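Novice: So you can see what is in the structure, the chains are spelled out below.
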Amino acid sequence: MLNKISGHEVDRRLLLKGAAAGGLGIAGATMLAGCASDSGPVTFGVRTVDESPMAQAQAIVDAYTAKTGIEVTPNFTESNAFQNNLSQYLQGTPDDAFQWMAGYRMQFFADQGLLVDISDVWDEIGDQFSDSYKIASTGSDGNQYFLPQSWYPWGLHFRKSMMAEIGLNPEDIYNWDDMMAALEELKGQGLIGLASADKGGWEAMGTFDILNARINGYQFHVDLLAGREKWTDDKVKEVFRHWEMLLPYMNTNVLDLEWDGAMQLLLQRQAGLFMNGSWFGANFLEQSQEDYDDLWIVPFPEINPDHGRDTIDAPLDGIAVAANGSNDAGAKEFVKFAASIEGVEAQLSTGIPLTSANNLQDTSAYDPFQKQQLAVMGEAKYITQFLDRDTRPDFAGPVVGPAFQDWFRDPSNVDSILESMQSQWDALPPL
Amino acid sequence: MSVETAAPSGKQVARRRRFFSRQDKITLGFFIGIPTFLHVALVWFPAIATIGLSFTYWTGIRLEDITWAGLANYENIFFNTPIFWDALRNNTIWILWFFFIATPLGVLLAYQIDREIRGHKLYQSAYFLPVVLSLAVTGIIWNFLLRPDGFVNGLLGLPISEAISFFGDERYNIWVIMIMASWRHIGYIMLLYLAGLKAVDGALREAATIDGATEWQTFRKVVFPAMKPVNIIVIVITIIESLRAFDMVYIIYGSSGGMPILGVLVFNNIAGEGASMKGAAYAVILFLLSIVPIITYLQQQFKDDVR
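Protein chains in written order, with my numbering: chain A, 1 to 431; chain B, 1001 to 1307.
The set of hints was computed from the structure by calculation and includes no laboratory data.
What you are looking at is a predicted structure, and each value in this text was computed from that prediction instead of being measured.
Cβ coordinates follow ideal geometry from the N, Cα and C atoms, glycine included.
Relax, there's no trap hidden among the hints.
Across the chosen pairs, the derived CB separations fall in these ranges:
(1) 1126(B) to 288(A): 40 to 46 angstroms
(2) 1287(B) to 55(A): 45 to 51 angstroms
(3) 410(A) to 1236(B): 35 to 41 angstroms
(4) 244(A) to 1099(B): 36 to 42 angstroms
(5) 174(A) to 1099(B): 57 to 63 angstroms
(6) 378(A) to 1287(B): 51 to 57 angstroms
(7) 1247(B) to 185(A): 43 to 49 angstroms
(8) 80(A) to 1100(B): 34 to 40 angstroms
Under 7 angstroms between C-beta atoms, here's a sample of chain B residues computed to sit facing chain A:
(9) 1061
(10) 1082
(11) 1083
(12) 1159
(13) 1256
(14) 1271
Next comes chain A alone, as it looks inside the complex (with noise of 0.2 angstroms):
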């Protein structure tokens, strides 16, 4: 039977395989000429289509392009796009390099055997990362997949000018009372609270992520995305408790805005605060220098004095090495010109804020608003990626995210909703 299966499925991947490429936009006629050798061209998948990154990934060519006059070209696609055709790409035809993520989303495509390893690269310029990189760039087999290139930290973003007309100081809101209080104040001057969406079913994960490590510490919390802990469990409801709490203060529409529509409520001054991570600052940037300037972030407030605010979510963006690519020891050089300092001063050249991954930058020379990213990372002892980073994908994406959005729909449900994750969660084919 299961020979029976697999001889038809070969067809089907192929099938897949060329949907993916078509899907994609590879640049065909590149890959045919790419040959495998040191100097041949490589291709580069970069996963957005946002001004600014693609501003970044492209002076990161030029440079590499500049210094060896080998040819790179970039395939840019669509961030959502990427992510869900990626399996497929991997697969297929990939680009030689292309741009990912840390943790658990890069270990599943290194266990399958779809990157290439690049220990190798760490052993060339390994010193210029924190051992913690090091270790969230090791697939399960000890290796290195992946090499950092920027990181930005989840929590509460505000505008300076907003809160200091009102009369609130938001780096002193520390604790749970304080960001109640605070908020309670922005509800009075008829300003939504806290900015939220959900629509795209994750941008609801972060403030997960940070109330259940505020309540039940950094542990708990990995104990739970990694099915070590129960989603039934009562500490898991009091997250939902503390959730509840900050509902009246949020916007109605949470289900009908992506990320980027809370954002534009801070924007344009109709919210306080806003979660999310920093990365909207270049979005900021993009609007004017006045409003990049007038941008800033604190950690998210206590809640349990056991564990203050030691944790943050900060996602850690990268780049890896397509075992199906045409060109691995050319898209090897390149990686490594990419996570270097060099690459890093090609993506400052741009002027545009870069928090990147590497040691060998130079932040005394961050803008204010990078030093406090910098800061509230550096408050925090425990760093998590993001819950659709550090649980396993076939949860996160289809249980956790529709899971959350019917919690914001009927928040009296929370019971029947816990039950029905956890038994999804043990309805999981075994890894």
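Following the hints, position chain B against chain A.
Specialist: Only chain B this time, still in chain A's reference frame:
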């Protein structure tokens, strides 16, 4: 057909076949063989493989990782996955809405246009226009209109924070989607039906009028039965369109659970990193839901014809 008449005709075919030259046979072989091969390779292999895979655990990457799961994927869907029932409910609403509202409206429009009411050319073009657009494009257009920072909320002067949550509020988002889908479906049905109505012999209607039948009686007793082939097509299309719904919802909600429907669940569980053969099981369920009513209906129709 009786056996006696069938046998000679079979012989005739056999005799006729001898007149095919070698070249004819090669040509025929190509013309039949290639499409058959493509059909089997592109339709039947993937379909049967999907059915087989729905009984396995697999991430869709390495063939050696496939493990037998028995009915586990189905059990998981039926007993552990509340979103499946939400999706089923939404697809049911979709099918009922199309059946009792959108399709009859299309038929009504076709009938009125066929009667050449004043301005029928304009109506015909106006209602037909959306059919030219794919459902994905329909989704993009309506998304521009209805999203929080879209045209309608802008016209009402509502900032994003107070915008009407057309797609986010579960009290009415399904109806918003229904209206969007109908916008196109009505025109499609109208066109099909209009083509059928044009083919109905005018003498039938004239005779009915002479016999003193009212307009409604004429339609119900004379025109409608005469339109039987078209009616079958319209019903089958209505069922298929409601169950295969995917693109419009995907454009608006992405692969998240914003408005669960079966098509999106299939995609969500079979594509991307979250891929598992639960998606294949969803596909099989969707396939059975589509094929069973259609086969039953068609069988019924053909039985009537034989009689």
